[in-house]
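*Asks:* These protein sequence lines map, in sequence, to chains A and B. Position 63 (the first sequence) corresponds to 63 in my numbering; numbering is contiguous. Position 69 (the second sequence) corresponds to 69 in my numbering; numbering is contiguous.
Possibly wrong hints are sitting among the right ones.
[Said to hold, decoys possible] According to the in silico footprint, chain A covers these stretches of chain B (three or more CB under 8 Å from chain A):
hint: 1; region: 210–218
hint: 2; region: 312–322
hint: 3; region: 402–411
hint: 4; region: 422–432
hint: 5; region: 447–455
[What the hints assert, rightly or not] According to the in silico footprint, chain A covers these stretches of chain B (three or more CB under 8 Å from chain A):
hint: 6; region: 75–83
hint: 7; region: 92–100
[Claimed, not checked] In the DMTMM-like style, the derived pairs of lysine to aspartate or glutamate whose C-alpha atoms are separated by at most 25 Å in a straight line are:
hint: 8; chain 1: A; residue 1: K291; chain 2: B; residue 2: D340
hint: 9; chain 1: A; residue 1: K346; chain 2: A; residue 2: E263
hint: 10; chain 1: B; residue 1: K291; chain 2: B; residue 2: D243
hint: 11; chain 1: A; residue 1: K291; chain 2: B; residue 2: D240
hint: 12; chain 1: B; residue 1: K291; chain 2: A; residue 2: D13
hint: 13; chain 1: B; residue 1: K291; chain 2: A; residue 2: D240
hint: 14; chain 1: B; residue 1: K291; chain 2: B; residue 2: E263
hint: 15; chain 1: B; residue 1: K62; chain 2: B; residue 2: D35
hint: 16; chain 1: B; residue 1: K413; chain 2: B; residue 2: D366
Hints listed in this document are in silico derivations from the structure and should not be mistaken for laboratory results. Just so it is clear, CB atoms sit at the ideal spot from N, CA and C, and this is done for glycine as well.
Protein chains: 2
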Amino acid sequence: MTATITPVLDQIDRDLPQALERLSALLRIPSISTDPAHTGDVDKAADWLVAELNALGFSARKDATSGHPMVVAQGGAAEGPHLLFYGHYDVQPVDPLDLWESDPFDPQIQDTPKGRVIRARGASDDKGQLMTFVEACRAWLAVHGSLPVKLTFCLEGEEESGSPSLVPYLEANRDALRADLALICDTGLFDAQTPGITTMLRGLLGEEITIHGPARDLHSGSFGGAAMNPARVLTRILADLHDDQGGVTVPGFYDDVPEIPDELRAQWDGLGFDADDFLGRVGLSVPAGEKGRTALEMIWARPTCEINGMISGYTGAGFKTVLPAQASAKVSFRLVGQQDPHKLRKAFREFVRARVPADCRVEFHDHGASPASVMETSHPAFEAARAALTDEWPKPAAFVGAGGSIPIAGYFKSILGMDSMLIGFAKDDDQIHSPNEKYDLDSFHRGIRSWARILDAVSKA
Amino acid sequence: MTATITPVLDQIDRDLPQALERLSALLRIPSISTDPAHTGDVDKAADWLVAELNALGFSARKDATSGHPMVVAQGGAAEGPHLLFYGHYDVQPVDPLDLWESDPFDPQIQDTPKGRVIRARGASDDKGQLMTFVEACRAWLAVHGSLPVKLTFCLEGEEESGSPSLVPYLEANRDALRADLALICDTGLFDAQTPGITTMLRGLLGEEITIHGPARDLHSGSFGGAAMNPARVLTRILADLHDDQGGVTVPGFYDDVPEIPDELRAQWDGLGFDADDFLGRVGLSVPAGEKGRTALEMIWARPTCEINGMISGYTGAGFKTVLPAQASAKVSFRLVGQQDPHKLRKAFREFVRARVPADCRVEFHDHGASPASVMETSHPAFEAARAALTDEWPKPAAFVGAGGSIPIAGYFKSILGMDSMLIGFAKDDDQIHSPNEKYDLDSFHRGIRSWARILDAVSKA
Chain A
1 MTATITPVLD QIDRDLPQAL ERLSALLRIP SISTDPAHTG DVDKAADWLV
51 AELNALGFSA RKDATSGHPM VVAQGGAAEG PHLLFYGHYD VQPVDPLDLW
101 ESDPFDPQIQ DTPKGRVIRA RGASDDKGQL MTFVEACRAW LAVHGSLPVK
151 LTFCLEGEEE SGSPSLVPYL EANRDALRAD LALICDTGLF DAQTPGITTM
201 LRGLLGEEIT IHGPARDLHS GSFGGAAMNP ARVLTRILAD LHDDQGGVTV
251 PGFYDDVPEI PDELRAQWDG LGFDADDFLG RVGLSVPAGE KGRTALEMIW
301 ARPTCEINGM ISGYTGAGFK TVLPAQASAK VSFRLVGQQD PHKLRKAFRE
351 FVRARVPADC RVEFHDHGAS PASVMETSHP AFEAARAALT DEWPKPAAFV
401 GAGGSIPIAG YFKSILGMDS MLIGFAKDDD QIHSPNEKYD LDSFHRGIRS
451 WARILDAVSK A
Chain B
1 MTATITPVLD QIDRDLPQAL ERLSALLRIP SISTDPAHTG DVDKAADWLV
51 AELNALGFSA RKDATSGHPM VVAQGGAAEG PHLLFYGHYD VQPVDPLDLW
101 ESDPFDPQIQ DTPKGRVIRA RGASDDKGQL MTFVEACRAW LAVHGSLPVK
151 LTFCLEGEEE SGSPSLVPYL EANRDALRAD LALICDTGLF DAQTPGITTM
201 LRGLLGEEIT IHGPARDLHS GSFGGAAMNP ARVLTRILAD LHDDQGGVTV
251 PGFYDDVPEI PDELRAQWDG LGFDADDFLG RVGLSVPAGE KGRTALEMIW
301 ARPTCEINGM ISGYTGAGFK TVLPAQASAK VSFRLVGQQD PHKLRKAFRE
351 FVRARVPADC RVEFHDHGAS PASVMETSHP AFEAARAALT DEWPKPAAFV
401 GAGGSIPIAG YFKSILGMDS MLIGFAKDDD QIHSPNEKYD LDSFHRGIRS
451 WARILDAVSK A
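Excised from the complex, chain A in its bound form (with noise of 0.2 Å):
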C-alpha cells in the first residue's frame, strides 16, 4: 500500500498552496443558490467546476434542471469498484452581513490561536470540502497517470435551497448515475483530532407559514382592541409547538421516533462528548432540548422542532404604532428514525389551523422535506474506509450521529439503490450558515490526504 500512495501524499503536501488558490477562485463567487438575485454566480460555480474537472481529464459537463444546473462528469479507472462523488457548489446567504469582518466573498487565510484557516461564506460549506476530493484526484493523476476506482461526480447546486431539482434529476438519470456506493463530503470530524464516518442523519422538514389578518396594516390606535392582530395569534401558534418539557406537542409527532440501540449509545457515551465546551462555544450552558435527553442525543437522535425567521409589522428604526396586516414565520422540524415527513407537515398544518381564529386565514409555503437517514455500515468499504481515516488522523475515526440533513444520501438508497458513506472534515466551530464561516487548513490539508488514502484502501478493499 506504502508504495502506491506515499507519493500521493507527498504531492499533495507540495501542492498545498496551488490548491488553496483553486479554492479562493471558487470561493469568490457568491454562488447563494436561495437567492434570485445569485441566480447568474451560481451558475458560473458551475462553469468553474466543469473546466476544474475537464482539465483533470474527466468528461465534465452542466446538466440542466428546472432550477440551479448539476455538474456531471465521469472518468477514472475501466475496472474496479465505482464510486459516485457528491458534493454541492452552493452557499448559504451571509445576511446579517454587517457581521462579517471581512468580505464573505474575499476569502482570507488567517492565523488564530487554533491555526490556520480560510475564511469565507462557504469556505467549509461545502466548496472547501468538496474539493478535497478533487485535489486527491488531482495528485493521484499527477503522480500515477490515472485513478484506482471509475468515478462519476455530482456536484449540486440547489443544498442549500432545498434542493427542488435533485430527486426530478435522479430519478431522469438513474441509469448514468448508479454507482456501488456514493461517497458524500458535507460532514464533520467529531474533533479537531478524531474523524467520522457518519452513519445516522436526521431529516428535514421545511414550512412557512404567514397569518392573515387585517386587509391592510392598521393604526393601533384607531384599531387596536377592536381588530385582531396577525402578530398575536402567529406567536401565539409558535409558542404552543414545545411543551413546558421541551417536546414538540404537534400531535403524533413522537409516534417514529425509536430509542437509541444500547451498543450505539454505548459507543457514542465512550467519545467523551464534551455538553458544557460543545454549548459554552456559543454563549449557552443549558441543553435546550427534552428534559432527560443528553445534548448529544438532542442534536444527533431526537426530532426538533426551531422557529428559523420570523416577522411582522414595522421592524426598522424607531418605533411605528401599526398593527400590521400579516405576520410569517419560516418553522423547520429536524427528524429521526422512521418520522414521516409528509405525514408530519399535514400534522403540523392541522395544528396550524386549528389555531387561527375566524377573522384571520394561514397560507402556507412548502419548503421541501426529508427523511432521517440511518446507513447500512456492513459494505467493506466503510471498514476500509476508517481504517484509512484511522492512518492520516491522531485519533482513531468512529462512526457518528450527525444533527444536519444531508437528504442526498437518503435519494441515493431509495432512487439509485446505493449505500453511502459519508465523511467530511468541517469543525463545529467553523460558523457554517453564519458570519464569517471558515475552514480550517489542517483540515484541508488532511482532509485531501484523507480521500486520497480512501480511495487506495476502496480500490483495494
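With the hints as your guide, set chain B onto chain A.
*Replies:* Leaving out everything else, chain B in the frame of chain A:
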C-alpha cells in the same frame, strides 16, 4: 355672526384650489421623523411652515430641540381669548412601499366612489389637518385684515416618533406658550356627516424587547435541540400577554381602569356606531378585544396590548436553516383612565424577565409613555365650538372618544395648566400609518370652514 363669517367662508371656497396646491407642496417633503435618513426633510418641512406663517403676518420661527425643531408662531388680536394651535408636520414611515399605488410623496388628487381625495403620506395625519387651520386664518386675514383672537402656533416635528423633545420644550417655554385654551387638530370625524370633539384619548406605552440567546446565529442542524432558540422564548412571552378572554395578563394592568360613566355610555350608544361596518371595511368581523365589551368600548375606553412589529432570524426569500442569535419585538399598550405608564412599564418588564430562561438575556428599549387624557368640557369654548361645527356639517357635533394617543393634550394640562379642545376631520378610512393614506377634499374644505366658524364663535363666547 353672519356679517363676520359669511365673507370668510366665501373666500375659503374661492381659494380652495390654491389651498390644495399649498398642501401639496408640504406633502412633497418626506418628513419621516423616526428615520434618521430623513432628518433633513423634517427640517425642510419646518422651514416651509415658518415661511408660510411669516407670510401671513405671524412672527414665526424654528426652535431647536435635542431632536427635530418646533415651529412656533405668534400673532392675532392683542385683546380677546388667547388660543394655542397644535399640529404636527412629521409623518409616519411609508413601508411597505410596494403596496402604495403612487409615490407617497407625490400627492395625487383622485376621484373615488366616496368623493375626491388627496393621496399622500401625511395627507390626513397630520399635514392636511394642520393646514385646515392655517388656511382658515389666511381667509380670515384676507377678508378682515386681522384675527378675532390672539393666536400662538406650536407645530411639532416628532409626533410620529414618540415626541422625545416635547416635554422639555414645553417646560422650558411655559410662559411663551401658555394660552387660555389649546386647539389640537389631529383627530377624526365621528362619521362622514358627524363632526366630533374628542374628550377621551387613550395613552400609549411603547417598549421594544430583544431576547439574546446564542453568541451568534447557529446551524439548526448542528445545534437544533441542544441550543436555546430566542425566537421560541420571545413567542412564548408574547403569547402569554393575552388570556383566552382577550384580556391583558400583565399583573396589575387593570388596576386603574375605570368603567365608563352611565351617561357617557348612553351618549355613545346613541351614536349608532356600526361595529360590523367598522371591522368589515378592513376585512374583519369579530371584535378581538376583551369578551363582553362592545367594539366602541374596545377602541375608546379599554386598554390594549399590541405587537407592532417583530423580527428574528432569516426573513428573506427561500429558506435558511438558522437558529437565530436574537429575536425582538416592538410592543405597545394603549392606556385608559388612571393607568400609570411608568408603573406598567415596570410591570411589563418584570413579566418579561420572569419568562427569560437561564441561557438568554433580555434587553429593553423605551419608546415613550403617556397617560390617557379626559378633557374638562365645562370651558364655554366647548359649547361654542360644538355649535359652530353643527352649523357647518350635516349632523350635530358630538363629544366622542378616540382610540389613538395624543399625549400633547395631557402635557398641555399638566405643564401649561391649559385645557385642550380636540377637533379634526380625518375619516376612519384615511389609511393613516398605512399605504395609500388619503384625506377627503370634503374634510379639507369643510375643515377650513369649520375652523373659521370656531374662531368666530370662540371669540364671542
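*Asks:* A separate judgement is required for each hint: does it hold in the structure or not?
*Replies:* Do the hints match the structure? See the list:
1. A count of 6 residues in the region 210–218 of chain B with a Cβ less than 8 Å from any Cβ of chain A is obtained; the coverage claim is therefore met, three being the minimum.
2. For the region 312–322 of chain B, the stated coverage by chain A holds: 11 residues have a C-beta nearer than 8 Å to a C-beta of that chain, and at least 3 were required.
3. Under a criterion of three residues with beta carbons nearer than 8 Å to beta carbons of chain A, the stated coverage of the region 402–411 of chain B is upheld, 4 such residues being counted.
4. Coverage of the region 422–432 of chain B by chain A holds [criterion: at least 3 residues with CB-CB distance below 8 Å; count 3].
5. With 0 residues bearing a CB less than 8 Å from a CB of chain A, the region 447–455 of chain B misses the requirement of three and the coverage assertion fails.
6. With 0 residues having a beta carbon nearer than 8 Å to a beta carbon of chain A, the region 75–83 of chain B misses the requirement of three or more and the stated coverage is violated.
7. Check on the region 92–100 of chain B: 5 of its residues sit with their Cβ under 8 Å from a Cβ of chain A, so the three-residue criterion for coverage holds.
8. Annotation: proposed proximity of K291(A) to D340(B) is violated, straight-line Cα distance about 41 Å (limit 25 Å).
9. As the CA atoms of K346(A) and E263(A) are separated by approximately 34 Å, the hinted pair breaks the 25 Å bound.
10. Taken as a hint, the K291(B) and D243(B) pair is honoured in the structure, with Cα atoms around 11 Å apart against an allowance of 25 Å.
11. With a CA separation close to 22 Å, the supplied pair K291(A) and D240(B) stays within the 25 Å bound.
12. Our distance criterion of 25 Å between C-alpha atoms is broken by K291(B) and D13(A), whose separation comes to about 75 Å.
13. Of the pairs offered as hints, the one joining K291(B) and D240(A) holds, with about 22 Å between alpha carbons and a cut-off of 25 Å not exceeded.
14. The suggested pairing of K291(B) with E263(B) holds, with an alpha-carbon distance near 22 Å, which does not exceed 25 Å.
15. Pair hint K62(B) plus D35(B) holds up; C-alpha atoms about 20 Å apart against a cutoff of 25 Å.
16. Taken as a hint, the K413(B) and D366(B) pair is honoured in the structure, with Cα atoms around 24 Å apart against an allowance of 25 Å.
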